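Please arrange chain B on chain A, whose structure you already have, making use of the hints.
2 protein chains.
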Amino acid sequence: MAEQLAKDAHFAATILKTLSDTERSDALSKIREGLLQAKDSILEANKQDLLLADQGGLSSALIKRLDLSKNDKFDSMCDGILDVAKLEDPLNKVTLARELDEGLNLYRVTCPVGVLLIIFESRPEVIANITALAIKSGNAAILKGGKESLHTFKAMAEVIDHVLDTKTRVPSNAIQLISTRGEVSDLLVQDRYIDLVIPRGSNQLVRSIKDNTKIPVLGHADGICSIYVDEFADIEKAKRIIVDAKTNYPAGCNAVETLLINDKIVHSPSYVSILESLASNGVTSHLVPELLSSLPKVLKEKYEKLFVEAKESDFHHEFLSLDIAVKPVSDVKAAVGHINRHSSKHTDAIITENDDNAKIFLNGVDSSGVYWNCSTRFADGFRYGFGTEVGISTNKIHARGPVGLEGLVCYYYQLRGNGQIVGDYQGGGGKRAFIHKDLDVKGIVL
Amino acid sequence: MAEQLAKDAHFAATILKTLSDTERSDALSKIREGLLQAKDSILEANKQDLLLADQGGLSSALIKRLDLSKNDKFDSMCDGILDVAKLEDPLNKVTLARELDEGLNLYRVTCPVGVLLIIFESRPEVIANITALAIKSGNAAILKGGKESLHTFKAMAEVIDHVLDTKTRVPSNAIQLISTRGEVSDLLVQDRYIDLVIPRGSNQLVRSIKDNTKIPVLGHADGICSIYVDEFADIEKAKRIIVDAKTNYPAGCNAVETLLINDKIVHSPSYVSILESLASNGVTSHLVPELLSSLPKVLKEKYEKLFVEAKESDFHHEFLSLDIAVKPVSDVKAAVGHINRHSSKHTDAIITENDDNAKIFLNGVDSSGVYWNCSTRFADGFRYGFGTEVGISTNKIHARGPVGLEGLVCYYYQLRGNGQIVGDYQGGGGKRAFIHKDLDVKGIVL
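Here the protein sequences line up with chains A and B, keeping their order. Residue 1 is where the first sequence starts when you use UniProt numbering, and the numbers rise one by one after that. Residue 1 is where the second sequence starts when you use UniProt numbering, and the numbers rise one by one after that.
This is chain A alone, in the form it adopts within the complex (with noise of 0.2 Å):
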C-alpha cells in the first residue's frame, strides 16, 4: 500500500512539474476558496481534536497552539496561502545559459525536487502552509502531521483533495495525508519515488528518520547554537543578545545553548553583568569547574541555585530551557575551534567590536547561520523575508540554514541542437572545438 500511495505521487509530480505557474498559483487560490468554504466543519473537526487533547491532558499552552477557532487564525492561515501563491515562480529559472557550439546551446533549468514526505506538528495551520509550498513549487507531498490534530487535518485534507480533483489543472494524488507512524516507516523505504523526507519535530523523531531511510533527509536533529563573547565586546549588546537567544523562545531549535568568554574578559565587571542578566531572567547557567569555584560572591548570594557545574555533555547538548552552559576560551580561534568540534552546524554568534576577529569567526565557523552582533534567533524563514519556510536544515548539501521555496527546488540541463554528435568534435574522435560561450541568461525563455 505504502509502495502505490508513492507511486501515485510519484505520477502526480510528472503532472505538476509540467503545470504553468500560473495553473499552481490558480490551484492555491481555489484551495483557499475551498477552505473558507469549509470553514464550519473544519472547526467542527478542530473542537474534537481540542476535546479530545483536554480529556488527554495536554497544556493548555499546547491545547492553545492546536485552536483554530481563535482570533483570525483560521483566516489567516487561508491568507498564508495566497501569500505563497504570489511568491516569484521558483521554477524554469534559466541560472546557466551557454553556447556550446553553434546551434548547439546548454539552459540549466530550475525544476522541482520530485515527491516530498513531510512529517510535521500539530499545528493545523501547518498543513495549508506546507500544502501551499509543494504546489508553488511543483512538488508532490505526501504529509503526516502530528496526531494531536488529526480530525482537523483530516478535514482539511478532503476539502483540498476535493479541489483539485475537481477544480484545478493539480492531480489530486499530488497531495496526500498519511496518519499513523507506521504509515511513515513503510514509505521511508520507497526511496525509488519518494526523493526528500522533511521531519520537523523532536531530535528523537528526526534521528530515528535518519536511521531508517536511504532517501535524503532535510532538516535537523539539534540546534545546539552557541554565542562567544569576544574581548571586544560591546557588553550591552552581549547581555541584550544573550538574554534574547535565551529566552526568547527557549524551545526554540535558534536558542543559544552554549555560551563562549574571552579569557581576558571572565572576572572582570562585564563577565559578571553577564551572568547577572542572565540570573535575573531566570536562568541557570551551568559553569565549567575553574569557573564555578571562581563565582564572584556577589552573584553567588543573591542567585545561588541558579548557577552550577556543567558537566562535558553539557558542551553537546540542547537544553531547550532556560539552561545555558558556559566556558572560558583563549581567543576567537579556539570559540571557533570549540564550535566546529561541538556545535550542531545550526546557528553561532559572535559579539565583538573587533572586525578583524569577527572575520576570523564568520570565516571559520561552519555552521548553516554565522552571526555577528545579533540573536541566534533570527535564523528563521520569515525573519530572513522567505515568507515561510518548510524547516531548517543543518544539511551541508543541497540546502542550509531556513529553507524556503528556493530549497524545494533543483536543477537539470536542457541542451538543444540541430542534429549535433559527439563523434564531430575533439576528445569524441573529430575535429570540431567547443566554443563553450556563456550567454546572457537575463531574458531566456524557453
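Hints should not be assumed to be uniformly reliable.
Identical copies look the same in the list; a pair holds intra-copy or inter-copy alike.
[What the hints assert, rightly or not] Subject to a maximum C-alpha distance of 25 Å in a straight line, what follows is the list of computed DSS-like cross-link-like pairs (lysine-lysine): (1) LYS30 with LYS154; (2) LYS147 with LYS39; (3) LYS437 with LYS93; (4) LYS210 with LYS7; (5) LYS359 with LYS437; (6) LYS144 with LYS214; (7) LYS47 with LYS154; (8) LYS442 with LYS93; (9) LYS73 with LYS147; (10) LYS7 with LYS333; (11) LYS431 with LYS237; (12) LYS264 with LYS333; (13) LYS359 with LYS442; (14) LYS264 with LYS86; (15) LYS86 with LYS73; (16) LYS70 with LYS431; (17) LYS70 with LYS154; (18) LYS39 with LYS154; (19) LYS93 with LYS333; (20) LYS167 with LYS333; (21) LYS431 with LYS210; (22) LYS7 with LYS311.
These aren't lab readings, by the way, just hints derived from the structure by calculation. Source: prediction; values computed, not measured.
Same frame as chain A, but now just chain B:
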C-alpha cells in the same frame, strides 16, 4: 583508525575553508611543480603497475589507460592542475544580500561542502584532477583509486603530501590516500566527519556504497539513456545521433540504451533505415515481439543475427555494449511516460522538428539532462565547459548531471547586526517590522 583519518580530514577542512583563492590556487601550482620534479620516480612506480597489470592478464586497452608515460600524458596531467587553478573561485560568492532591517544585513555566501570521500577508477591522472578540484573548492578529500594504479597513486600522493606540508598553507591532511576496500567500508560510517561520498565506477560499486552509508552519495549507479524518435523527426539527423549515442563509446554512462520510435514511423522506410544504420554499425537491436515479427525482409536477410527479441528487463538495463532495446510508442507523451518509469534519470533525448512536441518532452522528462536533436554523449563536464568533472549525478537534490566545481560547494548565511534582538520585532514579542529589502549582490565583498 578510520575515525582518526576522518577526524584529521575534518580538521584540515576547517583550516582549508578559511584560505584565500590565491592560497588555494598557489598550492595547486606548487603541487604541479612537485609532480613535474618527481616525474621520474612517479613513472618508475607507474612501470611497476604496468608490469603487474601485464602479469595479471589485463587487456592491452586497459593497460594503455594505466600508462602515464605515453605521449605527453604526464605533462598534460600536470597542466590540468593549472587549468583548475585558473578557474573562477567558487567560494565566498554572495548569492543573496538582503537588508532585514536598518543595520541588520543577511548574506548568503558560497562555502565548501567539507570532507569528500572519493572512490575512483584506475586512470592515474584522475588523482591529480580530483586533488585539484578538491583544493580549489576548499574541500578536504579522502581518495581511493583503483588498485591497478596503486603504486602510481602512492608515489603521487607522497609528493602531494610533501608539497602541501612544506610549501603551502593547505594542511597536508586535506588530501589523504587510502588503498583498501576495507578502509572505504570503515570510512562509510564516519558520517560525523565525512560530508559527501563520490563513487565513480561500476553500478555494483555505487549501489553497494549507497546501501552502506548514511553520508549523502553523489553520482550515478546506472546510465539508462533513451532516445525518442518523434513522428516529426528529421530521419537523417536521427540516424546520425542514434549511431553516435550508441557507438561513440558504448561503455560510457551517457551512451543510449533504449530507442523509442513513434508508432507512425514504425514500418515506414524511415524506420527501416534507422534499424539498418544501427545494424551496419554492428549494433544488435533488441526488438519487442511485435517489431521482431514484422521485421522487414530486407533487414532480416542481411543482418539476421543483429535482431533479437527484447525481454521486458532490457528496458531497465544498461547494456554498456553494442546493444540497444527498441520499442514503439504512440506519441511524445507515451515516450515521456516510458522514460520517467524506466530511465535512470541520467540523459534522454528527443529527435523532432516539431517545437510543441520538443517542449512536451523537455518539460516532461524528469532526468538530469533532457536533450533535443543531439547525442546523449554530450552529457560530460568537459563538453559542458566545466573544465572537468568529479562525476555525473543522477540525484534529485544538490547537483545533477555532470558535476564540476559548483557541485562541491554549498552555502551558509551570514547575518551582520549591531545588537539586534528578536524580542524587538513582530512575531518575537515586539513591534518593529522587518524591511526585507534586497540589495544588489554585485560588488559586495564580505
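Against the structure, the hints:
Proximity of LYS30 and LYS154 under a CA criterion of 25 Å is satisfied intra-copy only: 18 Å inside one chain copy versus 64 Å between copies. Within a single copy, LYS147 and LYS39 get their C-alpha atoms as close as 21 Å, which meets the 25 Å cut-off; across copies the closest is 67 Å, which misses it. When the C-alpha separation of LYS437 and LYS93 is checked against a cutoff of 25 Å, the pair qualifies both within a copy, at 19 Å, and between copies, at 21 Å. In this homomeric assembly, LYS210 and LYS7 come within 25 Å of each other (Cα to Cα) both inside a single copy, at 22 Å, and across copies, at 22 Å.
Taking CA atoms no more than 25 Å apart as the test, LYS359 paired with LYS437 passes between copies only; the shortest distance there is 24 Å, against 36 Å inside one copy. Within a single copy, LYS144 and LYS214 get their C-alpha atoms as close as 19 Å, and across copies as close as 23 Å, so both meet the 25 Å cut-off. Proximity of LYS47 to LYS154 under the C-alpha cut-off of 25 Å is restricted to the intra-copy arrangement: shortest distance 13 Å within a copy versus 70 Å between copies. In this assembly of identical chains, the alpha carbons of LYS442 and LYS93 lie at most 25 Å apart whether taken from the same copy (10 Å) or from different copies (19 Å).
Taking the closest pair of Cα atoms, LYS73 and LYS147 come within 25 Å of each other only inside a single copy of the chain (20 Å); across copies the shortest separation is 64 Å, beyond that limit. Only between protomers do LYS7 and LYS333 lie at most 25 Å apart by alpha-carbon distance; the minimum there is 18 Å, versus 50 Å within a single protomer. In the homo-oligomer, the alpha carbons of LYS431 and LYS237 lie at most 25 Å apart only across protomers (19 Å), although the nearest pairing inside one protomer, at 65 Å, exceeds that limit. For a Cα distance limit of 25 Å, the shortest separation of LYS264 from LYS333 inside one copy, 14 Å, qualifies, whereas the shortest one across copies, 70 Å, does not.
For a Cα distance limit of 25 Å, the shortest separation of LYS359 from LYS442 across copies, 20 Å, qualifies, whereas the shortest one inside one copy, 34 Å, does not. In the homo-oligomer, the alpha carbons of LYS264 and LYS86 never lie at most 25 Å apart, since the shortest distance is 51 Å inside one protomer and 43 Å across protomers. Taking the closest pair of Cα atoms, LYS86 and LYS73 come within 25 Å of each other only inside a single copy of the chain (20 Å); across copies the shortest separation is 56 Å, beyond that limit. For the homomeric pair LYS70 and LYS431, the shortest alpha-carbon distance between copies (21 Å) is at most 25 Å, but the shortest distance inside one copy (72 Å) is not.
Taking the closest pair of Cα atoms, LYS70 and LYS154 come within 25 Å of each other only inside a single copy of the chain (20 Å); across copies the shortest separation is 69 Å, beyond that limit. Taking CA atoms no more than 25 Å apart as the test, LYS39 paired with LYS154 passes inside one copy only; the shortest distance there is 13 Å, against 70 Å between copies. For a Cα distance limit of 25 Å, the shortest separation of LYS93 from LYS333 across copies, 23 Å, qualifies, whereas the shortest one inside one copy, 41 Å, does not. Within a single copy, LYS167 and LYS333 get their C-alpha atoms only as close as 59 Å, which misses the 25 Å cut-off; across copies the closest is 23 Å, which meets it.
Neither within a single protomer nor between protomers do LYS431 and LYS210 lie at most 25 Å apart by alpha-carbon distance, with minima of 50 Å and 39 Å respectively. In this assembly of identical chains, the alpha carbons of LYS7 and LYS311 lie at most 25 Å apart only when taken from different copies (23 Å versus 49 Å within one copy).
The structure fails to meet hints 14, 21 from the earlier list, while all remaining hints are met.
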